[in-house]
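> The residues making up each chain are set out below.
2 protein chains.
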Amino acid sequence: MRKIFLFMDTIFNKVDAKGRVSLPSDYRAIVKELSTEIVCYRSLSAPCIEGCLEETLDKLATDIENATDFFSETQDNLTNLIFGDAKRFTFDSTGRIVLTEKLLRHAQISDTAVFVGKGRKFQIWNPENWAKEEARIRAEVMAHRPVLKAAKDEQ
Amino acid sequence: MRKIFLFMDTIFNKVDAKGRVSLPSDYRAIVKELSTEIVCYRSLSAPCIEGCLEETLDKLATDIENATDFFSETQDNLTNLIFGDAKRFTFDSTGRIVLTEKLLRHAQISDTAVFVGKGRKFQIWNPENWAKEEARIRAEVMAHRPVLKAAKDEQ
DNA sequence: TTATTATTTATGGTATATCATGGTATTTTA
DNA sequence: TAAAATACCATGATATACCATAAATAATAA
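As they're listed, the protein sequences go chains A and B. The first sequence begins at 349 in this note's numbering and counts up by one. The second sequence begins at 349 in this note's numbering and counts up by one.
One should not assume that every hint holds.
Put simply, identical chains are the same to the list, so a pair is met inside one copy or across any two.
Straight-line alpha carbon distances no greater than 27 Å define the calculated DSSO-like cross-link-like pairs of lysine-lysine that follow [said to hold, decoys possible]:
id : residue 1 : residue 2
1  : Lys480    : Lys362
2  : Lys466    : Lys450
3  : Lys362    : Lys407
4  : Lys435    : Lys407
5  : Lys407    : Lys366
Please keep in mind that the hints were generated in silico from the structure rather than gathered at the bench.
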């Protein structure tokens, strides 16, 4: 089995009237090689869709199982929110998934979707929102550059 | 055998006069693939029905047998409640289960049931109650953002 | 390098299968 | 035998799988 998998790059794909989008071919290759599936959900922190491998969520479910007992309410809220929102997406022979109305609305996506790699996860943005977000992140990282450097030096 | 099984998504289905509801097809696929059954019981903490795979309850029974240290009186009482309340639900050729009066009353469900995925478990809600509950959870999770972040980072 | 060809990928359209749901028949059991 | 529970059938709506073409990328030869 593949040791390394990383969602990378930024890809612009068309979304048709039915919500169909081609999953970037690199992403598809990962899914195939690991014989798993993609899971998507509304990001809790931004107006975008978040995606990961099903096994990533499975790991989370197992962690929760082990960390708490069957009746625990500690993580109860979290599981409702995450798993209640998440949905499995399989792609057809041409490599497309069909995004739901709920997800598209949350990310304000109409005719174009931007896939942004995040390593173990990826995000799907509306092009304009992503442009703004990228600029914001760049600015913030630049502003915190010295802190980042200091943190590295400390190790 | 399937590597991963997760109850996910939020699905609204009709409940007819006999208490019949379609089990979401994704849920049915899991039951079929693992050749097990669905078990439902009244949630101990909320006005909803809780469901899981029979083998999940079996695991719970085993865990309690083995974990003598944690065999507290309260846990013992809880298991009495769960196992005493739990009931197997098989679906017919069209994929429907028939919920009992007791369960429907507890969840205040009349004509529509909302299936909410929770990973290894799922819940069945009355639509209005679920809307309120979801809002409550969202608010609470946002307030405890740092905890969420820590939990997410662990995966 | 540049031109040409071969492959893979993206995307529009359509046929097909699946699903949810109302209804009916059959079996169970009280 | 009546009442209830269960299994089966029918249908419209929806989602899925498949086909065809265009675009883009990679590979090969000049």
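> Are the hints correct? Go through all of them and say.
A quick look at each hint next to the structure:
Taking the closest pair of Cα atoms, Lys480 and Lys362 come within 27 Å of each other only inside a single copy of the chain (20 Å); across copies the shortest separation is 36 Å, beyond that limit. Within a single copy, Lys466 and Lys450 get their C-alpha atoms as close as 22 Å, and across copies as close as 19 Å, so both meet the 27 Å cut-off. Neither within a single protomer nor between protomers do Lys362 and Lys407 lie at most 27 Å apart by alpha-carbon distance, with minima of 32 Å and 33 Å respectively. In this homomeric assembly, Lys435 and Lys407 come within 27 Å of each other (Cα to Cα) both inside a single copy, at 16 Å, and across copies, at 26 Å.
In this homomeric assembly, Lys407 and Lys366 never come within 27 Å of each other (Cα to Cα): the closest approach is 32 Å inside a single copy and 39 Å across copies.
Hint compliance for this structure: hints 3, 5 are not met, and every other hint is.
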